[in-house]
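Chains as they are written, first to last, in the numbering used here: chain A, 15 to 172; chain B, 6 to 287.
Derived by calculation from the structure, the hints in this document are not laboratory data.
On a predicted model such as this, the values are computed, not experimentally measured, just so you know.
By construction, the Cβ of each residue, glycine as well, lies at the ideal position given by its N, Cα and C atoms.
Warning: the hint list may mix true and false statements.
Said to hold, decoys possible - Facing chain A, according to a computed beta carbon distance under 10 Å, are these residues of chain B, among others: (1) Met6; (2) Gly32; (3) Thr34; (4) Leu36; (5) Val38; (6) Ala45; (7) Ala49; (8) Phe50; (9) Cys52; (10) Ala78; (11) Ser102; (12) Arg106; (13) Arg107; (14) Ile258.
So the chains spell out like this:
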Amino acid sequence: MEIRFVLNGKETRLDTAPDRRVVDLLREDLGLTGTKEGCGSGECGACAVLLNGESRLGCLMLAAQLDGKTLTTIEGAAGDGRLQALQETFVRCGAVQCGFCSPGMIVAAADLLGEGPEPGREAIREGLSGNLCRCTGYAKIVDAVQAAFETLQGGPNP
Amino acid sequence: MRDVFFPESLEALWPFLVEPSRALLAGGTDLLVKVRAGRADPSAFICLERIAELRGVREGKRDLWIGACTSHAELIGHPLVERHLPVLHQALRRLGSPLIRRMGTLGGNLCTASPAGDTLPPLYVLNAVLELRSRSGVRQVPVGEFITGPGRTRLEPGEILAGVRVEKPAGRQVHHFEKVGQRKAMAIGVASMAALLRFSADGAIEAARFAWGSVGPTVMTCQPAEALLAGERPSREVFERAAALARAAVAPIDDIRASAEYRRTVSGNLLLRLLSLHSVLP
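The shape of chain A in the complex, shown without the other chains:
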């Protein structure tokens, strides 16, 4: 079927099997390999993407569901203030080890940043609880998300 959607700011029209998983469409058909696949069953969060600005799991969504929507992946970070701020603080805080979980972490954190006031460390941990980091680098990931909140709210920026 033909689907039309906005992908990372660009009007996109493509022909695909309607039941193709979004993560496969992105990685295999479009070459956008920033979105990762970990478990394929919604447990690890590595495939998280933003659909109309909210987080979704790319392994549990079908291509047909994208029709008429706006999809942002980590490759679209430059055009999304939240993703961009998070990318920068992830680098600054050393929140990337092997990097496999980073795109999903950043997307999940962007959803959290969209929800309002600075949530505090415990709420950040809870907000990222659907994303696994097998390097177990959680402390610095939480630091980075906290720093991104400060950046976006014009707070302390070392």
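Use these hints to put chain B onto chain A, whose structure you have.
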């Protein structure tokens, strides 16, 4: 390759249901995992997300109606749910993970009918009534009758779960949900309990409702414990007796997550935990 259909109204939905090999797709958090694991093989998907009649929360004089395709995250953010149905709100916040809650729906949790479904114990204690719709009409079924076994419901072919109706609790009430799992997020419960206590003006328990998840083939209730507490003033002694009745009533199994004996003990302990709430034992 499977087709994916997107009806945009109930009227447009009915013709798709004539073919029973097609699967209804709500949030996809259970169905698409099953399909990938080879445990379901539908001929096509009927995606419900664009049917506005199945979404949202509406307030009536005495009750709330929740559309079956409303996501868990939408319900958590809904002021009417937080204000009137705290026991459901607490359970929603423990369900899956933030990512799963963005996708999964209340109706999906009910139709999956897992004994570990986190929204089920709250809906049991709230006496939720489910609205089932088909081309030929509507019927109302209490949640306890809707679920008949693990993964089994009373949905007939050609019928869908359209919404959930819950009376707004009135008077002084205590709502409580607790889940014991191996980690906080993405944990299938070892045991969970929803409780709703209604108090009279003089501080006695007027009515008590309890429901346990993950300790039987469906949600477990314990009428004897509820009857024991009705009319009593909260005290450790009377709650100990109710907890003993609860341990006798549940029907847990041994599995990879916990032993039956542990689950039985925890079921009673979850009831005793109510005593640590300031609102129960001041």
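Okay, the hints, checked on the actual structure:
no., hint, verdict
1, Met6, "5 Å, holds"
2, Gly32, "8 Å, holds"
3, Thr34, "6 Å, holds"
4, Leu36, "9 Å, holds"
5, Val38, "5 Å, holds"
6, Ala45, "13 Å, violated"
7, Ala49, "8 Å, holds"
8, Phe50, "7 Å, holds"
9, Cys52, "7 Å, holds"
10, Ala78, "8 Å, holds"
11, Ser102, "3 Å, holds"
12, Arg106, "8 Å, holds"
13, Arg107, "5 Å, holds"
14, Ile258, "23 Å, violated"
The structure is inconsistent with the numbered hints 6 and 14, although it conforms to all the rest.
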